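**Q** The lines below spell out each chain.
2 protein chains.
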Amino acid sequence: MAFTTRSEQRCFGGVQGFYTHASSSTKTDMKVGVYVPPDAKDAPVLYYLAGLTCTEETFAIKGGAQRLAAELGIVLVTLDTSPRGVSIPGDSDSWDFGVGAGFYVDATQAPWSTNYRMYSYVVDELPALIEAKFPVSQRRGIFGHSMGGHGALVIALRNQDRYQSVSAFAPIANPVAVPWGEKAFGNYLGPDRSVWEAYDASILMKAKPFPDTILVDQGESDQFLEKQLHPEAFEGTGQQLELRRHATYDHSYWFIQTFVEDHLRHHAKRLLK
Amino acid sequence: MAFTTRSEQRCFGGVQGFYTHASSSTKTDMKVGVYVPPDAKDAPVLYYLAGLTCTEETFAIKGGAQRLAAELGIVLVTLDTSPRGVSIPGDSDSWDFGVGAGFYVDATQAPWSTNYRMYSYVVDELPALIEAKFPVSQRRGIFGHSMGGHGALVIALRNQDRYQSVSAFAPIANPVAVPWGEKAFGNYLGPDRSVWEAYDASILMKAKPFPDTILVDQGESDQFLEKQLHPEAFEGTGQQLELRRHATYDHSYWFIQTFVEDHLRHHAKRLLK
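Residue numbers (my numbering), protein chains in the order written: chain A, 3 to 275; chain B, 3 to 275.
Isolated chain A, as found in the complex (with noise of 0.2 Å):
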């Protein structure tokens, strides 16, 4: 399954890449965006997981994310946040569900089920194949940013032997209690609000916390805190969770820019150890 070139660009001494491949998860062709440092060796690869409306684009083009990457010797992965190119009903008619919006799930419920499949591609697919193309090593961290936050959580906390790190941005933190949630929970998964747990990073916190300190930074003046992110419902839980506010800030990339390097190192000493 090859990755077809879009471009490749010097970047910090690095190569800053787009690229797409055809997906057997999703069965479309997917786009990512790769970042290899200079002199990559055995390097190991940070996935970047964006939020509602963005794609493989977003962080790469706003998060300033590549000079921390070079200066550590990590390889950054960033990818799209649904299938795209599937005339779905209905796939299109809010920017919070469907196109832009697959909220890192395996869906079961048609007509979904056949093509919303971000779960099974975050975890499996695409790693085996940045695996096979690019000098990694099987070292993965995994960080997101709201929507993106939310999947990296669920995906380290289920997967972990697979991801030696983890952080997030303004995270959607008990998804099955929120309105984004329940929206996307209802319609990918079903009725039935007890499968929808095993997509909740504060539900499976509970039950397995991950194995070592969680970084979460949070807005204070993030326009979505209070209806949608709950970053609360981790305390308690039992995870290891360094969960830092910061005034005045809000929910946008100019936030995640401010704080991205604490998250690079916080990975890279988990990933480089």
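If you are wondering where the hints come from, they were derived from the structure by calculation, not from laboratory data. Note that the structure is predicted; figures quoted are calculated from it, not measured. You may find that some hints are simply not true.
When chains are identical, the list treats them as one kind, so a pair holds in a single copy or across two.
[Claimed, not checked] Straight line, CA to CA, 20 Å or less: simulated DMTMM-like cross-link-like pairs of lysine to aspartate or glutamate:
1) Lys33 x Glu222
2) Lys64 x Asp41
3) Lys208 x Glu237
4) Lys208 x Glu127
5) Lys229 x Asp44
6) Lys64 x Glu263
7) Lys64 x Asp93
8) Lys64 x Glu127
9) Lys229 x Asp41
10) Lys64 x Glu10
11) Lys185 x Glu73
12) Lys135 x Glu10
13) Lys208 x Asp41
14) Lys43 x Glu133
15) Lys43 x Asp31
16) Lys271 x Asp163
17) Lys29 x Asp108
18) Lys43 x Glu59
19) Lys229 x Glu184
With the hints as your guide, set chain B onto chain A.
**A** Relative to the frame of chain A, chain B by itself:
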């Protein structure tokens, strides 16, 4: 002449804002981006002029400079590349002339001369507005990319009392002798080529070099290097110059963000002393 705030967001402890204001130079509304570092007071201002097709958002989003502006205590101002919203026949027929391609000149030829007055806008009008609204000093640096590198160099060379520092990424070094410049100057300034020389950095350097080192970065895999940029025109002009050629780098913001720290430090050294 008030600024209308479109957005203000926390970033690296400071504020990234985007504003609109009525311009007497262009007789249009103009958009600017302003990054104010934490605790700014009498801060110097570094103006960034963007290249063809770009806007006031491009460098703000893709340049990765706020981190350094915050650290160094410099206000960053990013500009649009032409007037917008006036419909002049021919202003949108090509990407290298008209909208998004003001070339930082004061047009003398109809129908451009009413609105396409970016030189006066950058040199006189905008600094006065910025210095009235933001907590800044009258110490000014200027830099830019491609068409904006041309603009920054020309403006600093012609206004050596108003700018303490200047640098450029992949500037159009000798616009009178390349297709981009010939097209723009012919239309904006008319057929008399001797008039064009007031907007050609290489020619201006020969007449009166800038009284400090100018930093110029150029990628050797830049797709416009051979036909449009000609940095070799700077050599032998008598200008004190640090011209760095970087193998494998192209014309993009992946190139710019790689070297932006050196530019911020170049300006800081001169603006903060």
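**Q** Hint by hint, note whether the structure agrees.
**A** So, going through the hints one by one against the coordinates:
{"no.": "1", "hint": "Lys33 x Glu222", "verdict": "neither (32 Å within a copy, 28 Å between copies)"}
{"no.": "2", "hint": "Lys64 x Asp41", "verdict": "neither (24 Å within a copy, 24 Å between copies)"}
{"no.": "3", "hint": "Lys208 x Glu237", "verdict": "within (10 Å within a copy, 67 Å between copies)"}
{"no.": "4", "hint": "Lys208 x Glu127", "verdict": "neither (28 Å within a copy, 60 Å between copies)"}
{"no.": "5", "hint": "Lys229 x Asp44", "verdict": "neither (42 Å within a copy, 40 Å between copies)"}
{"no.": "6", "hint": "Lys64 x Glu263", "verdict": "both (13 Å within a copy, 16 Å between copies)"}
{"no.": "7", "hint": "Lys64 x Asp93", "verdict": "neither (26 Å within a copy, 30 Å between copies)"}
{"no.": "8", "hint": "Lys64 x Glu127", "verdict": "neither (26 Å within a copy, 30 Å between copies)"}
{"no.": "9", "hint": "Lys229 x Asp41", "verdict": "neither (45 Å within a copy, 32 Å between copies)"}
{"no.": "10", "hint": "Lys64 x Glu10", "verdict": "both (17 Å within a copy, 17 Å between copies)"}
{"no.": "11", "hint": "Lys185 x Glu73", "verdict": "neither (41 Å within a copy, 42 Å between copies)"}
{"no.": "12", "hint": "Lys135 x Glu10", "verdict": "within (14 Å within a copy, 42 Å between copies)"}
{"no.": "13", "hint": "Lys208 x Asp41", "verdict": "neither (41 Å within a copy, 42 Å between copies)"}
{"no.": "14", "hint": "Lys43 x Glu133", "verdict": "within (11 Å within a copy, 50 Å between copies)"}
{"no.": "15", "hint": "Lys43 x Asp31", "verdict": "neither (28 Å within a copy, 51 Å between copies)"}
{"no.": "16", "hint": "Lys271 x Asp163", "verdict": "within (17 Å within a copy, 49 Å between copies)"}
{"no.": "17", "hint": "Lys29 x Asp108", "verdict": "within (13 Å within a copy, 55 Å between copies)"}
{"no.": "18", "hint": "Lys43 x Glu59", "verdict": "neither (24 Å within a copy, 36 Å between copies)"}
{"no.": "19", "hint": "Lys229 x Glu184", "verdict": "within (12 Å within a copy, 56 Å between copies)"}
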